[in-house]
Amino acid sequence: MTGLRRLGATAANAAGLLLAVVVLNFLLIQAAPGDPAQVIAGEMGGASPEIMAEIRTRYGLDRSLPEQLATYVGKVARGDLGYSFFFNEPVSRLILGRLPATALLVLSSLGLAVLAGAGLGILGARKPNGLLSHAVSLVAIAGNAAPVFWTGLMLLVVFASLWPVLPVAGMEDVATPRHGIAHGLDVAQHLVLPALTLGIVYVAQYSRLMRASMIDALNADYVRTARAKGLPERIVIGKHALRNALIPLVTMVGLQFGQLFAGAILVETVFAWPGLGRLTFDSILRRDYPTLLGILFCSALLVIAANLVTDLLYRLIDPRIRAGRPA
Amino acid sequence: MAPVLAVEDLTVTLTQPGGPVPVLERLSFSVEAGRTIALVGESGCGKSMTALAIMGLMPEGFARTDGRIRLAGEDIAAAQPSRLRALRGSALSMIFQEPMTALNPVYTVGDQIAEALRLHQRLGRRAALERALAMLRAVQIPAAERRLHAYPHQLSGGMRQRVMIAMALACRPKLLIADEPTTALDVTVQAQVFDLLKALQDEMGTAIVLITHDLGAVADIADTVAVLYAGRCIEQGNTRSVMRAPQHPYTRGLMGCTPHLRLGASADAGTGPLREIPGLVPPLGRRPAICAFADRCGRADATCLDNPQPPLSEAGPSRAVACWHPEAHTA
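Residue numbers (my numbering), protein chains in the order written: chain R, 1 to 327; chain C, 1 to 331.
If you are wondering where the hints come from, they were derived from the structure by calculation, not from laboratory data.
Note that the Cβ used here is the ideal one computed from N, Cα and C, for glycine as well.
Hints are supplied without guarantee of correctness; some may be wrong.
To be verified - Below, in silico cross-link-like pairs of lysine to aspartate or glutamate (EDC-like), each with a Cα-Cα straight-line distance of 16 Å or less: (1) C/K174 / C/E203; (2) R/K239 / C/D111; (3) C/K174 / C/D202; (4) R/K127 / R/D216; (5) C/K198 / C/D220; (6) R/K127 / C/E60.
Unchecked claim - Part of the chain R face toward chain C, derived, beta carbon under 7 Å: (7) A142; (8) D221; (9) Y222; (10) T225; (11) R227; (12) K229; (13) R234; (14) G238; (15) H240; (16) R243; (17) N244; (18) P248; (19) D318.
Input sequences plus hints: build the corresponding full structure.
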């Protein structure tokens, strides 16, 4: 099978998965307590039987289930995720407005986790019985054991009252609006604590994983071959061992992307970060089903996209996964 | 002729929590340009450790505690790590037992051969790849242009070992250490690899240290042979002479364990069932002060049990043996 065809198959898989999510979403609406018309009417602030009937016709609730499903799928395909009565905005616009903040937070945490985790892991692997290696393991265990909300609260305590050098809430300084680079720096400053909170668990996990896979790689025969060629240790580690050791890490990152996203709900709530996580929390509290389902759909989309990216990275790193044309 | 490699009294020790344990004891041998010395012996007798000691690639805990390793006169055992790195892959290289795992799975064959050339001969990418291609042709890999861009998993075991040989010989080293280069390969491929090594040696004048279990190969390509037992050399000499008339009972035992095929003779003609040497090589740290082979030896007597390890002493023209009762050959 050629690379392009394989890629096509992967994309088709992803599309199928997405469709399944949409159908599941639809069934969730059906399972929501009470008559959907009543839910909508309730959100609108009560209604008479005439209005209820009108709602039913308007939203197609009087039609059969398969018909309703077809309508729903068609709407989602057009990017219409419904309307949030609570926020008084189309759900898709609501989500798109919040997405950049979450993307910034999640990607910064991911970057931190991968870079710091891999770096610490490599350091720890160089002398597996050295002091540094044990220190890395200890930090990893501590970081892994601390729940996200606790880490967040501790950072809040430290940086809000004991040593107030970093902003602890929001994404920018509302009192003095800035522009250009000043605005970027302001956002970066606000980003430090939430990103740290969200990323620290993964720094811990990735450093452990990287330490183990790097130790494996450094003991591999091909590393001995590289040394027998007279390569300096920097190339032995940075070229020959690293690329092989990265394979498990890439797998892990791909698998955990969804978790990271879920972690953002908690972190955004603790640090009042105006992202999707915060929106999720709010819409759960308000029983804002359209918004919640929209977010669910969106996060499924992101997780599937992350897996696609992982797949591509995989192929980039490991030629054995690429189309195996005989040489 | 001055030897390319001269190992003199090499002693390697493993540092363990229970105290230092001798691994190699006063090992001496040498090999000249264009010649091959075979190191033979059972697993665990120190063959591979000798190779790694010469390369300066001993695992953590192992260290040379005595002796010299001279490469073209220079004591490389005492050299700085940077000097040793400069020699490895250029003047001194090694091929390993397992071609399936000795190549890096994520880089192309060409890239891995070119690496040493770019490092030691400062060739550019293109020039190094051209030389890599020439090396692939030299090791007789069919469709070499295509294989240059292949990954190791796309090649068979025999082809991978040819790639290893190409890689090791790319910088035309003075010395090649081949640590059981054919153990993992099919019998037919084994012969091809040995033939190839021999041909390249004739062309480049490389000295080879061949580590092997394959006494047939030793007879075919080694000029001299050193038999190792429990970290010591117990018999050494011209291959033909040692194989024809082994003086140490262990060497004799090794020969007895090798099937000899004679054309025209039925399978069970001659020596009868294949013999074996009873017992095992004493493990590290349990080596006795007396002859380490005594408890497996049919000839051991009070002299063997009461005296320290016999020294390696001259036993005929370019022959040496370490035994209290060497086999006398009258023929």
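Interface hint status, R/P248 versus chain C (Cβ within 7 Å): Hint violated; R/P248 Cβ to chain C Cβ min 13 Å, cut 7 Å.
R/T225 as chain C interface residue, shortest Cβ-Cβ below 7 Å: Interface hint status for R/T225: holds (5 Å vs cutoff 7 Å).
16 Å Cα cutoff - pair C/K174, C/D202: holds (12 Å)
R/D221 as an interface hint toward chain C, with CB separation required under 7 Å: holds (4 Å)
Restraint satisfaction for R/G238 [CB to CB of chain C, less than 7 Å]: Given a least distance of 13 Å, the restraint on R/G238 is violated.
Hint validity - R/H240 Cβ closer than 7 Å to any chain C Cβ: Result: holds, 5 Å to nearest chain C Cβ.
Interface hint outcome for R/R234 [beta carbon to chain C under 7 Å]: Nearest chain C Cβ about 11 Å off; hint violated.
Chain C contact restraint for R/R243 - C-beta distance below 7 Å: holds (5 Å)
Satisfaction of the R/K229 interface hint, Cβ to chain C closer than 7 Å: It holds, given that the least Cβ distance between R/K229 and chain C is near 4 Å, below 7 Å.
Restraint check for R/K127 with R/D216, where alpha carbons must lie at most 16 Å apart: Between R/K127 and R/D216 the Cα gap is close to 12 Å, so the pair holds against 16 Å.
Evaluation of the interface hint that places R/A142 against chain C, nearest CB under 7 Å: violated (28 Å)
Given pair status - C/D111, R/K239, alpha carbons within 16 Å: Between R/K239 and C/D111 the Cα gap is close to 12 Å, so the pair holds against 16 Å.
In the structure shown, a violation is registered for the earlier hints numbered 7, 13, 14 and 18, in ascending order.
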